[in-house]
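**Q** Start from chain A and add chains B, C and D according to the hints.
Protein chains in written order, with this note's numbering: chain A, 1 to 293; chain B, 294 to 533; chain C, 534 to 846; chain D, 847 to 1274.
Please keep in mind that the hints were generated in silico from the structure rather than gathered at the bench.
Cβ atoms here follow ideal geometry from the backbone N, Cα and C, with glycine treated the same way.
Some hints could be false.
To be verified - Which chain D residues stay away from chain A? Per the calculated CB distances, all over 10 Å, these:
1. Ala-886
2. Ile-899
3. Gly-904
4. Ile-918
5. Asn-919
6. Arg-927
7. Ser-1050
8. Thr-1093
9. Tyr-1102
10. Thr-1123
11. Thr-1147
12. Ala-1156
13. His-1254
14. Val-1267
15. Asp-1268
16. Ser-1273
Stated by the list, open to error - Pairwise CB distance ranges (calculated):
17. B:Gln-525 / A:Asp-97: 36 to 46 Å
18. A:Ile-267 / D:Lys-1105: 28 to 38 Å
19. C:Leu-702 / D:Tyr-1263: 41 to 51 Å
20. C:Arg-840 / A:Ile-282: 14 to 24 Å
21. B:Asn-390 / A:Leu-158: 43 to 53 Å
22. A:Leu-69 / D:Lys-1105: 31 to 41 Å
23. A:Leu-69 / C:Asp-809: 52 to 62 Å
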Amino acid sequence: MELGPYLLFASLEGLVHAAVLSLIALGLSLVFGVMRIVNVAHGEFFMLGAIITWWVSSFVSGNPAIGFLLALLVVPIIVGMTAVLSDWLILRHLKYDPEATIIATIGILYIIQQFALMTFGPDAKPVEQPFNIRLDLYWFGFSAYKFFVIFSAIILLLAIWLVMSKTKFGLILRATQLDSETAQAFGIPISRVYNIVFGLGAAIAAVGAILIVPIQQAHYLMGGEPLLLAFIVVIIGGLGSLKGTVAAAILIGMSDGIISVFFSPNIAKILATLLVVVVLIIKPNGLFGTTKT
Amino acid sequence: MDILNDELLYTENLSKNFQGITAVDKVNFKINKNEIRALIGPNGAGKTTFVSLLCGRIRASKGKVFFNGSDISNLPVYKRISSGIGYTFQITAIFSNLTVYENVALSIKNRRDKEKRSIIFEVLNKVGLLDRVSQRSGDLSYGHQRLLELAMGMAQRPKLLILDEPTQGLSDLEIENFKKLIKDFSKTMTVLLIEHNMDVVMSIADKITVLHFGKIISEGDKHSIQSDPLVQKAYLGDQC
Amino acid sequence: MRKDIILHLSALLILFLLEILGIFSEYHQGNFARILVLAAYGVGYNILFGYTGLLSLGHALFFSAGLYASGLSIYHLDYNIEQSLFLGICISALISLIIGFLALRTIGVSFMIVTLMFSQIAYLSILYFGSITRGDEGFVIQQSSRVFLSMDLSNPKIRYYSALLIFSLCMLINLWIAKSPFGRVLVAIRENSDRALMLGYNVKLYKLFSIIISGTISGLAGACYGILFGYVGASFAAVSYSIFPLLWVLIGGAGTVLGPLIGAIFMFYLIDYASDITDAYMIIVGVALLFVTLFARRGIIGELRFRYYKWIS
Amino acid sequence: MKKNSKSNLSRRKLMKSIAAVGSISAMPGFVNYSQASSSAPIRIGFQVHRTGIGAAYGRWYDRTTQAAVKIINDSGGINGRPIEIISEDDGTDPKRGAEALEKFANQHNCDVAFGTLFSHVVIGSAPRAGELKLPYFVVSEGHHVASGMLNRYTLQPGITDVKSQVQAMAPFVKNNLGKKVTMVYPDFAFGHDHRDYFSAAFESQGGEIIAKVPIPPTESSFSKYFPKIPRDTEVLYHVMVGPAVLTFVKELGEFYGSKGPKLFGFIDSVEAVDLNTPGLEFLDGSYFWEGNPRYAQDNQTVHDQFYRTAVGVDKNGASVSDPKDVSTYAHMFGCWETLHIIKKGMEVSGYSDVKDRSKLIEAVESMKNMPLSQAHPQGAKIFNGKTHQTFGHQYISKMTNGKLVLAHTTSIEDTFYPDEVDYTKQSF
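The shape of chain A in the complex, shown without the other chains (with noise of 0.2 Å):
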C-alpha cells in the first residue's frame, strides 16, 4: 500500500487501539495514583469483562445491539464488585504494603483467570457486533463499529475528568492522592475510598473490555497483554494524571500501529519494553518511585 494510506490506516487502527488501552490504563492508573499499589490482576479484570460480556449477550437472541447494550449496563457492576470484595478481603488485610499487595495481586490473577477456565471453558468466544457495517475508503475498508469504540471511549473519558475535576467525590480522590494521611484527619473514609476505588478501577477495564470484544473475542487468557502495554502507558505517562495516562495511550498506541509500519512487529514490541525500561532508569524515582525511609 502507498504510504499516505497505509499511514491513515495505522493511525485510524492506533486510534481503536489507543481508545481502549487509555480506558485499561486510566484503571490501573487511578489505583496506583488513589491507593499507592500496583494491581497485577487489572488485566484479569478486562478479561472478567470480556467473558461476561459474552455471557450476557448469550443469553439474548435477536438484535446483538440489546446484548452489548445490556452488557454496558450490567458488566461493569459485576466486574466492579467483584473487585471490591477482593480488596474487602484480601488486600485491606495487607495494609496495602506494596510487595505483599503485589505478591497478593499475582495470586488473585491465576484465580480469576483458572475461576474464568474453570467456568467458561478454554475457548475463544466471539460476540457480534452490535451493528455490522463496513465502511470502504477506497484504499482499504474498516468497521463502522470500530468508530463507534473510539467515539465511546471519548466520551467516557470526558465523563470521567468531569467526575473527576468537577464532583465532591473527584476532590476526595484528588485529596487522598495527594495525602492519605492528611485526608483521613478531614474525616475522609480512607478505607471506603480505596475500596471504591479498586472497584472503580476495575469498572472502567471492564467498560474497555466490553468495547473490545465484539472486534477480538474474549478468552481467559487474554489478560497479560494489556496488563503489560497498560503498565508501559502509565509509567510513560505519570501517575495518577489523567492527561498523562490518555496521551501515553494514544502516543503507544498509535506508535504500535505506525512503527510496525516500518519495523517488524516483535521488534516493535521489543522497542516499546525497552522505551519503559530507559525511562524506569533514567528516572528511578519518578513514577513509580517509592523510597523507604
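**A** Positioned in the frame of chain A, the structure of chains B, C and D alone reads:
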C-alpha cells in the same frame, strides 16, 4: 589547609534546592574536634537535610564539605562513613530481625573477630545492654532500641557522630542516662546533635547552632543563644 | 551453629538415602530429579529475594540465559557437557551483571517492573530470533549429547544423583553465604538498606553481587535443566517461570536455606494432585500465593525458625 | 475424564485382586488364569491440550479418541483386550507435557503414549519418551519427527506433516490462483515451517513469493499487518493458529471486502470457527487446505460417514448436539487413525506387555500401505518406517455459499520428499 587547626568538619556555601524550595541556603558551618555541638531550629528549618548533606545521603546542589582536612563533597555515602562519620537516624533504624549482638557487629568493619567481640561487649556494657546480647533486637523496648542505636554508632568508632533527635520518646530517667553517655562519648569523638529537648541541649552542648529557613541565624554558647532576639523570634514565630 | 550444619547436611543425606535405598518409585524419582533442579533455581532466587530483600519478577531471564546458552552451544556448536555448562554459567553471570547494573538504578516497585520488562524482552527476543532458537517450539538436546564423563545423564539414577549434586552445591553456597559476614550485610540491607548504607556499606555493590550470585545460580539451574531433561524452549522464559521461584521461596520461607526445596516439593506435588481433579490447576498457585501473603508471611521454615528453632539458617 | 483416571486406578487395583483370586482358584472347571490376565486392558496414555492455547483442538482430539476407543473395544479390543485411555492435560506446555509422559510410564504403567498437536509440546516431551522407552505416537503434523530431531520411540503414523502438506499445495496455487504470492503466517516455528517449505516448493514451480508477513504469536489484533501486503499480490496465502483466528479472518474481511487478492488459506486460520459467523461472507470463493474435508461432500465415502457419525459430527462439521460447536475436523482424524495403527501394530507384533514395546515399534515401522478403510477414513496413506512419518492425500476446498466444497485432491506422491533420517538405525 592548616594542620594545626583543630577543625574536624566545615562547609562552604552548602546549599540544597528541592524543586525550587531552598532547604539549605549557603551554609558555612564549622565543628571542632571533641566538641559537643547542638543543632537546633524550628520544625522544617532544614536540620535533617543539612546533616544528610554532610554524610552524603542527599547530594548538595551547591557548596562543599570538608572533613578531617579533605574535600568529601563528591564522595559517596559509604566512603564518607568509612572516613569517620557516624549517623543515627531520627526514627529507630535497627535490623529488628537480627540479634543485638549482630546489630552491633554490623557496625564494625575490617577488624579481626577477637577485636570485634571485645568492642561489641565494651559498647554494650557502656549502654547497659550486655544482658540482652542475644535477644532479637525487634523485641527490645523502645528505650533499649535507642540505646542499641547509640551502641551501633559508638562501635563504628567515628571521628564525628551525628545524632538525629536521639532523645525523642524517651523517659526522663532514660534521658538522664543518655546525657551521661554523650558526655562520655565526647572524650573520644566529636558529637553533632540535632535535638528538640532544650534541657538536653543546654546541659550538654558546648556550642549551639541555630538553623532557620535553611540559614544559620545564630551560633554560640547557651547564654548567647538564649538571649539572641533572632532566635526568640524564630521560635515564637514558629509556635504561635 | 553445629546443630544448624548437621540439619542441612542430614537433609542432603536423606535425599541421598531415598535414592540409594531404592525408596523412590520410578515416578517419584523422576519428579524429585526435576524438583531438585528447580529448587536450585529457587535457591538462586532466594539469595536475592530472601536475603537481600530485592523482589525480582524477571528471574526467568537468568534461568533461560543458562538454559539457552548451554543448550544452543550443544545444539549448534557441538559443545560437550562441560563446555556448555561452563558457557551457561559465564553467560548467566554476565547477563546478571548487566541487568543488575541497570536494574539497580531503581528500587522498590520500579525494580520489580524493570526486571519484569527485561525478562519480557528476553522472551520476545527468543521468539524473534527463531532461526537460531527455534522459537516457541524449542529444540531437543539429543540423548547422545547428554553424556558427562561417559555417564548417560538420561539414565534415571545418574540424573537423580546429578540433580542432587547440583542442588547440594547451590544449597551449600547458600548456607555459606548465610553464615558469612557477607550474608549478614545482605540481611542488613534487606532489613533496612538506609541503615546499612549509613553504617558505611556500599549497598549498591552488595546488591549487585547479590544479583550476580543469584542470577548465576539460576542460570546454572537452567543449564542443568536443559542438559538433564533434554529440552530447551521459550516457555521457560515466560512470566510464570519468574513467578514460580518466588512462590517456592515464599512457601518454604524467604531467607531460609531449606525453604526453596520445601517450597518446590510442596508446590510440585500440590499441582500434581490438583491436576488430577481440575484442569484449572494453576488456581492452586493463586490460592497458595494469597495464603502465604495473608497468613504465613514467613513460610514453612521461616515459621519454624521464628517459633521454635531460632538456630536454623 | 480427569476423574476417570482416578477411578481407573482403583479399577486397576480391582483387576489385580481379581487376577489374584483367579490364581488361587486356578483349577479345572474355572476360568483359567492366563485368560483372566490377558484381558487386562491395554493402557494408552493420552496427552491432551485441555488448557492453554491448544484447548479447542484438545477437546476434539479427546472426543475423537473416545469414539475410536469405543469402536475398537466394541469390536473386541486389541488382541481381545480392551483399551483404557488415561488422559492427562499438558496445558499446551512442553514441561507439563514431559511430566505427563512420566506419569504415564511410571505411575499409570501405560503401554504406550499418544496424542497432542502443538509442536513445542511434542518436542518437549519426545526426549522423555525416548528415555522412558515409551512408544509415543504423536498427532501433531509437525515436521519434527521426519526431520530426525526426535528419536526411535516417537512416531507420527496417523497424519501427514506440514512439510508435505505445504509442498503439495504449491502446484495447485500456481496453476489455478496466481504466480505472485504474499504469505501471512504466525511468527514462530509452525509459521516458519510454512514460510520455508512453501516458498521453496513454490519457487521451484516457477512462482514468486513477493512478501512475507510474519505476525507475532501474542497478537490479538491483526489489521495493522494487512497494509504490508503488496498491491500486486495475486494470491494471499494465510495461516494462523490460536484463540484469535476468528479476529484474524474478520479483520481480513473488513480490510479487503470483496476487492482483495485471491485467498488461499490453511484451514487452521478458521479451524473450530463457524464459517457462517457474520463478517466472514468475503471468504466465499476462496480456497482452503483441509487435512480432511469438514463438510460432508457429495461423494462422501462410507468410511467418512462412519467416522463422522461415531465421533458425533454433523454434515457441516459441527457437533451433532451443538451446531455452533465446530470441530477441528482437518486434524482430529489423526487420533482415530493412530489408535487403529496402534491396534494393528500390537496385533501383528503379538504385544502382551511393556517388554514388547520395541516389537511394537518394529511392527509399526514395517507398515507401508494403509488403504482407505474404516481405520483410515481420511484416505489412503503410505507410511515411511525409516522416518516414522506417514504421507497421505491432501484436500483443497473452495468456499461456496458458506460451505467448503472439495476442489482438488493431491496425490500421495505430491507429499513425498527425500528422507532426512533413518530411525531404524537407532538402537532401542
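**Q** Which numbered hints are broken by the structure, listed smallest first?
**A** 2, 3, 8, 9, 10, 20, 23
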